[in-house]
Structures are given as C-alpha cells and as structure tokens.
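Below are the chains, spelled out letter by letter.
Number of protein chains: 2
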Amino acid sequence: MGVFEKKSCFVIAGASRGLGRSMAINFAKKARRESVMILLSRDLKALKEVETEIKSSCQDVKVVVSEFDQGDLDEKKFNNIFENIFKENNLSIDNFEQAVIVHNAGTLGDNSKYVKDLVNVSELNTHFGVNVTGNILLNSACLNFFTQEKFAHRYVINISSLTAVKAFKSFSLYCTVKAARDMFYKVMTEEEPTIRVLSYAPGPCETDMQIKCRENTSDPEVKQMFESLYKEGNVLDCDASIQKLVQILETDTFVSGAHIDYYDV
Amino acid sequence: MGVFEKKSCFVIAGASRGLGRSMAINFAKKARRESVMILLSRDLKALKEVETEIKSSCQDVKVVVSEFDQGDLDEKKFNNIFENIFKENNLSIDNFEQAVIVHNAGTLGDNSKYVKDLVNVSELNTHFGVNVTGNILLNSACLNFFTQEKFAHRYVINISSLTAVKAFKSFSLYCTVKAARDMFYKVMTEEEPTIRVLSYAPGPCETDMQIKCRENTSDPEVKQMFESLYKEGNVLDCDASIQKLVQILETDTFVSGAHIDYYDV
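Those protein sequences? They're chains A and B, same order as listed. Just so you know, the numbering used here puts the end of the first sequence at 458, numbered straight through with nothing missing. Just so you know, the numbering used here puts the end of the second sequence at 458, numbered straight through with nothing missing.
Treat the hints loosely; a few may be bogus.
No distinction is drawn between identical chains; accordingly, a pair holds when it is met within one copy or between any pair of copies.
[Claimed, not checked] Pairs of lysine to any residue residues, derived as SDA-like cross-links and limited to a Cα-Cα distance of at most 25 Å, are as follows:
no. : residue 1 : residue 2
1   : 359       : 447
2   : 248       : 313
3   : 424       : 267
4   : 270       : 315
Rather than coming from a laboratory, the hints here were simulated on the basis of the structure. Bear in mind that the values here come from a model prediction, so they are computed numbers and not experimental data.
Required output: the full structure, derived from the provided sequences and hints.
See below:
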C-alpha cells in the first residue's frame with residue numbers, strides 16, 4: 194500500500210477541480226483512517242463541494258478546506274499558512290506519521306501567443322508569480338512546517354507535464370514554468386534525501402486547461418494535435434490518470450526526483 | 194567562417210564583464226568589416242572600457258554601448274530599445290545581412306540558500322524578473338526589430354549552463370532559471386525555423402559569478418567541488434570558452450535549439 198499505509202497529512206494545492214479534485218477524492222479513498230486532507234484553492238465554493246463528496250464516501254478521513262491563492266505573493270500568508278490551518282481546525286502535528294504534499298496549482302499562460310508576442314510585463318509577472326514564485330513559497334512553507342522531525346515520512350509531488358521536457362509551439366509560457374519546476378524539484382531532491390520527490394506528468398486529461406489547449410492555441414499544427422486527441426478519444430479522464438499516480442505511490446519504487454509520465458507506467 | 198562572414202548587427206546583453214566582455218571582444222575581432230556591436234549592460238563605465246578595447250584593435254567595426262538593466266521591467270523601455278539605439282547612433286537597418294543576438298545578462302541568485310530557505314518574495318521576484326521575464330522581454334524586442342524581412346540571417350544565442358540540465362545543491366535559483374531559459378529557447382526554435390538558436394553552456398569560467406560559487410555556496414560538498422576546480426586549475430579563462438563558442442559559430446553545423454556545453458566540443 195506504500196504511501197497510503199500511514200496516518201498522513203495530505204496537502205493538495207489546486208484541489209477544487211480537474212486533477213486536484215480527482216487527487217483529493219482518490220487519495221481520500223485510499224488514505225488510512227484518521228488521515229487529514231488539507232485542500233487548497235482560490236475557489237472555496239468548489240472546494241466545499243469536493244469536501245462534501247469526500248465526506249459522503251470516506252468517513253474515516255478528516256477534510257479541511259482553505260481558500261488559497263498561490264499567485265497572491267504575500268510573504269506572511271505563506272509563512273503562517275499551515276500553523277493557521279492546524280490551529281483553526283484543532284489539528285495536532287503529533288498525530289501524523291507522514292506528510293504528502295501535492296503541488297498541483299498552476300496556470301497555462303496565454304497559448305494564443307507566440308514567443309515574439311510576449312511583450313506584456315504584468316502578464317509575465319502574473320504567470321511566473323503563480324507558477325514558479327508562488328509554488329516555491331508554498332513549498333518552503335511545507336518544508337518548514339512538515340519537518341523531518343515531526344513527519345518521519347514525507348512525499349512531495351510536483352504535477353508536471355510532457356511540456357516540461359518537450360517544446361510545443363504556442364506553449365512557451367507553460368513549457369518554461371514546467372521545465373523550471375521539474376528542475377527546482379530535482380535540486381530539492383538532492384538537498385533533501387529524506388523526502389520522496391516525484392514529478393508526475395498526468396497526460397492529456399480533460400480539464401479546463403485541456404479545453405483551452407484545443408480552443409486557444411495559436412499554432413495550427415499544435416492546435417490540430419489537441420483537436421485530434423479529443424476527436425479520437427485519446428484525452429484521458431482525470432480519474433484514470435490519477436489512478437495511475439495512486440498506483441505509482443502504492444508501489445513506491447520510483448527513483449526520488451524522477452519525472453514520470455502517465456504513458457511511462 | 195559561418196556566422197562571421199556576413200555584415201552583422203551583434204547585440205550582446207551583459208557585455209561589460211566576464212563572458213559578455215569576452216564575447217564582445219572576440220566577436221568583434223572575427224566580425225566582417227562594417228558590422229556593428231551593440232553592447233548592453235547596467236555598468237556604462239565598464240562598457241565604455243570594452244568599447245575602447247575593441248576600437249584599439251578592430252577599426253573596421255562600429256561599437257555602440259547602451260546602459261540597459263534587464264531587471265528593470267519597464268515595458269516601454271523594452272519595446273523601443275532598438276529603434277532608439279539605431280536612431281541615436283545613425284544606424285540604418287538596411288545595412289545588415291544578419292543579426293546575432295546573445296542573451297548573456299543574468300544573475301546567480303542567492304547560493305547561500307537551500308530550497309527550504311526561499312521565503313523572501315522580493316528576492317524571488319528580482320531573480321525571476323532579471324533572468325526570465327526581462328530576458329523574454331528583451332528577446333521579444335529583438336524578434337520584433339530584427340525581423341526576417343530585414344535580416345535574412347538571424348542567430349539567437351542563449352548563454353546557458355550545466356545547471357540547466359544538472360541539479361546542484363544550493364543552486365535551486367540558478368538551476369531553475371537556466372532550465373527555464375533552455376526550454377523557452379527550445380520553444381522559440383520550433384516557432385521560428387528561420388532563426389538559428391543555440392544554448393551554449395560555457396563551462397566553469399573565472400567570472401565574478403564563479404567566485405560567488407566558491408565563496409557563498411551553502412552545501413559543503415558542492416562548495417568543495419567549486420574550490421577543487423579552482424585549486425586544480427580547471428576553472429576556464431573566459432576567452433578560452435568564448436573561442437570554443439566562436440568555433441561552433443564558424444562551423445555553423447549545430448542543430449538549431451541544441452544545448453551545447455564547452456566540454457561537448
């Protein structure tokens with residue numbers, strides 16, 4: 194059962210929809226009783242629906258939802274996030290054997306633009322802010338709260354993408370942040386040998402982002418690729434992809450820091 | 194003679210010292226007469242010294258120096274940079290067959306910090322601002338001024354690093370931006386097949402940055418690696434590395450978009 198055998202504190206960023214929602218629900222089903230799911234998202238209403246769905250089928254886990262915007266780069270907010278969540282929800286850090294952090298929050302960036310069209314400062318700042326800076330700050334908050342001393346076992350899962358390793362026309366913003374994050378977590382893997390780190394590329398899943406890939410992509414060839422994936426029934430259901438992630442985590446034999454794609458397994 | 198055969202407009206960002214200075218001088222020596230070197234840097238005084246040095250040995254090329262801070266993210270500044278430089282220096286765009294852009298400006302980031310120590314928003318914003326956002330904006334300014342219509346031949350050289358492909362403890366900030374930039378230029382390679390793109394990793398050259406690698410690195414093992422490189426005489430002279438880059442450009446057989454390391458050639 195690997196990851197799911199221990200009494201865990203799960204943190205899932207971007208848990209209100211798509212892959213994050215699927216992870217919240219599927220991980221909760223697998224989680225050992227008395228585990229806690231901390232679900233973060235900008236969309237509190239949608240998050241509460243995920244909470245309701247989990248509670249209807251998994252009475253043995255506690256669910257905590259918290260409004261959180263990874264792109265709102267307020268230092269204090271990041272520094273105290275888990276202290277506040279634990280205090281507000283009467284959680285005790287001594288109750289867990291393990292922390293499982295999932296960095297899933299992120300944005301596509303404007304895929305209607307080519308490299309030469311990237312001239313807008315605030316657009317670039319927003320994009321790198323939410324996908325890189327905000328992610329690094331959330332990760333630091335995690336490492337400094339879920340310490341090795343308090344949590345003997347720690348997993349950090351970076352939701353990656355094929356675009357982290359393969360360049361696609363019109364996707365310079367998305368490719369760039371995904372490559373940046375993969376490398377960031379490789380460095381963390383070197384620095385933190387006690388943490389099991391995984392960059393998981395979930396494949397082309399049917400999410401709001403996938404719809405934007407089909408509809409907004411500037412490059413005709415790449416747009417056609419996304420349209421064909423859809424027409425030929427090759428876009429994945431989020432749950433199908435997340436079940437493969439669950440399998441990887443249960444087997445728990447991956448090399449820490451690896452980039453593993455849905456299609457690799 | 195590859196790149197250096199044609200009447201060129203060279204743009205070198207970060208040209209006042211280290212690798213940028215070496216490129217300015219070595220490229221000027223090789224450049225066809227009536228080529229122009231546009232040298233950008235925050236340090237105008239040092240840039241003027243580079244100009245003097247070039248003029249003393251290469252009377253056949255024109256040198257233009259311009260104060261430029263890649264981390265000062267003012268949209269208007271980027272949009273008009275080359276129009277202004279051409280106007281102020283009575284340069285005519287019709288005089289050139291070729292543009293050679295070198296993205297060399299960049300910073301190391303605080304290598305006294307581990308991943309978990311990255312909690313300072315303004316430090317992160319500054320780092321990603323100068324190394325990624327500012328670089329993208331300068332690149333857009335280049336693509337939109339040095340167009341295919343006006344410059345039949347175009348080269349874009351991204352000064353990369355081994356850290357773009359290999360993770361080093363204490364170097365999360367540097368590794369992340371270098372991986373991000375390599376990927377960004379891979380996407381550009383796909384989008385712009387008429388541009389010859391190269392990510393050149395110059396090896397461990399004796400620059401101000403290399404001194405910081407020896408002196409400030411948090412991780413003892415990685416620090417020792419940099420110290421040993423130095424003690425054993427394996428730190429490269431900037432000119433030695435740039436001469437290899439010159440050779441790659443003269444041969445001009447590299448695959449566009451490739452990451453080529455000093456030690457690969």
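Q | Intra- versus inter-subunit Cα pairing at 25 Å for residue 270 with residue 315 | A | Answer is both; intra-copy 22 Å and inter-copy 14 Å each pass.
Q.
As a check of your reading, is residue 359 near residue 447 (CA-CA no more than 25 Å) within one copy, between copies, both or neither?
A. So residue 359 and residue 447 pass the 25 Å test inside a copy (21 Å) and across (19 Å) alike.
**Q.** Identical-chain pair category, residue 248 with residue 313, by Cα at 25 Å
**A.** neither (44 Å within a copy, 37 Å between copies)
Q) Are the CA atoms of residue 424 and residue 267 at most 25 Å apart within a copy, between copies, both, or neither? A) Neither, since 42 Å and 43 Å both go past 25 Å.
Hint check: violations occur at hints 2 and 3; the rest are consistent with the structure.
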